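So the protein lines, in turn, are chains S and B. Under the working numbering, think of the first position of the first sequence as 17, with each following residue one higher. Under the working numbering, think of the first position of the second sequence as 601, with each following residue one higher.
Here are the in silico distance ranges between beta carbons for each label pair:
| # | chain 1 | residue 1 | chain 2 | residue 2 | range |
| --- | --- | --- | --- | --- | --- |
| 1 | B | Thr-673 | S | Gly-64 | 23 to 31 Å |
| 2 | S | Phe-134 | B | Leu-644 | 14 to 22 Å |
| 3 | B | Glu-611 | S | Thr-95 | 32 to 40 Å |
| 4 | S | Ala-68 | B | Phe-608 | 14 to 22 Å |
| 5 | B | Met-601 | S | Phe-134 | 32 to 40 Å |
| 6 | B | Met-721 | S | Ile-51 | 15 to 23 Å |
| 7 | B | Gly-670 | S | Phe-85 | 25 to 33 Å |
| 8 | B | Glu-611 | S | Ala-75 | 25 to 33 Å |
| 9 | B | Ala-729 | S | Arg-152 | 29 to 37 Å |
| 10 | S | Ala-145 | B | Thr-674 | 34 to 42 Å |
Simulated coverage check for chain S against chain B, where a stretch passes if three residues somewhere in it have a Cβ under 8 Å from a Cβ of chain B:
| # | stretch |
| --- | --- |
| 11 | 81 to 89 |
| 12 | 101 to 110 |
| 13 | 130 to 144 |
Under 8 Å between C-beta atoms, here's a sample of chain S residues computed to sit facing chain B:
| # | residue |
| --- | --- |
| 14 | Leu-34 |
| 15 | Thr-40 |
| 16 | Gly-47 |
| 17 | Ala-52 |
| 18 | Ala-66 |
| 19 | Ala-70 |
| 20 | Val-124 |
Rather than coming from a laboratory, the hints here were simulated on the basis of the structure. Owing to the predicted nature of the structure, the values given are computational and were not obtained by experimental measurement. For every residue, glycine included, the Cβ atom is placed at its ideal position computed from N, Cα and C.
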Amino acid sequence: MKHRLSEFVVGALFGFGLLISGMTNPAKVVGFLDIAGTWDPSLAFVMGGAIAVAIGAFAIAKRRTKDFFGGDMRWPTATRIDTRLVLGSIAFGAGWGLAGFCPGPALVSLAAGVPKAFLFVVSMLVGMALFEIIERRLGKQF
Amino acid sequence: MNLDWNSFTPESALAGGVILGLASALFILINGRILGISGIIGGLFRPRAGDIAWRIAFLLGLLSSPIIFGLWTTLPDARVDADWPTVGIAGLLVGIGTRYGAGCTSGHGVCGLSRLSPRSMIATLSFMAAGFLTVYALRHLAGAA
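Based on the provided sequences and hints, a complete structural model is requested.
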């Protein structure tokens, strides 16, 4: 139960961070991505603030063998830089630029009752399901 | 380069960023996991015993955040300029792209860069570049706006 509570609280805290930072406003996200227009560099401060805090925590976490509850540390195991990683990330970035939503802010805006966030999240889930279907049919061909 | 001083909000951006970093720090230290939204959702498509409840608990927390936040202050604006078809296409690209790319702004951008992962650096550079180019193409090449 303490696990579930901590996960819930961290999820809510992350949502507060997104709301306060401006990341949940697609117009602001697109304003950040529009370097050639009148540029709003605010979101660079979001990334800067987040990394400034997290970089120390990850340095500590790397030296630990167990989490706070005594469970195993689940580090990502993939290390290969391949076509999947780059093309997938490019597709993600294109979608991010088109609408101004990335996954976390889209979920927060969905819960806040933003109508287009609902369509975005449904489409995103369809995209994730498509990935699973393609993976199972074709395997990792690229 | 022209800066949009009217929209520029460095204080709240920094404060929000610090909270995002704090949440990511707590998640790895307390729960031993990377806080990556697309990965947390994506794992639900491959349900394995003992690997579902934590995802649901986290996502419920995230979904509760605007409701809790709204109890003590008004929610910030969320203005979507893209039309409905574009939003639909964008969602598809984000869904399939984050799964092939194995992460999004949180997992690669915050956690990955903070743990100095070369893979996440390449992913972050790729999606940032694609984001900048997409907005450039839409706003300055397509003749829109």
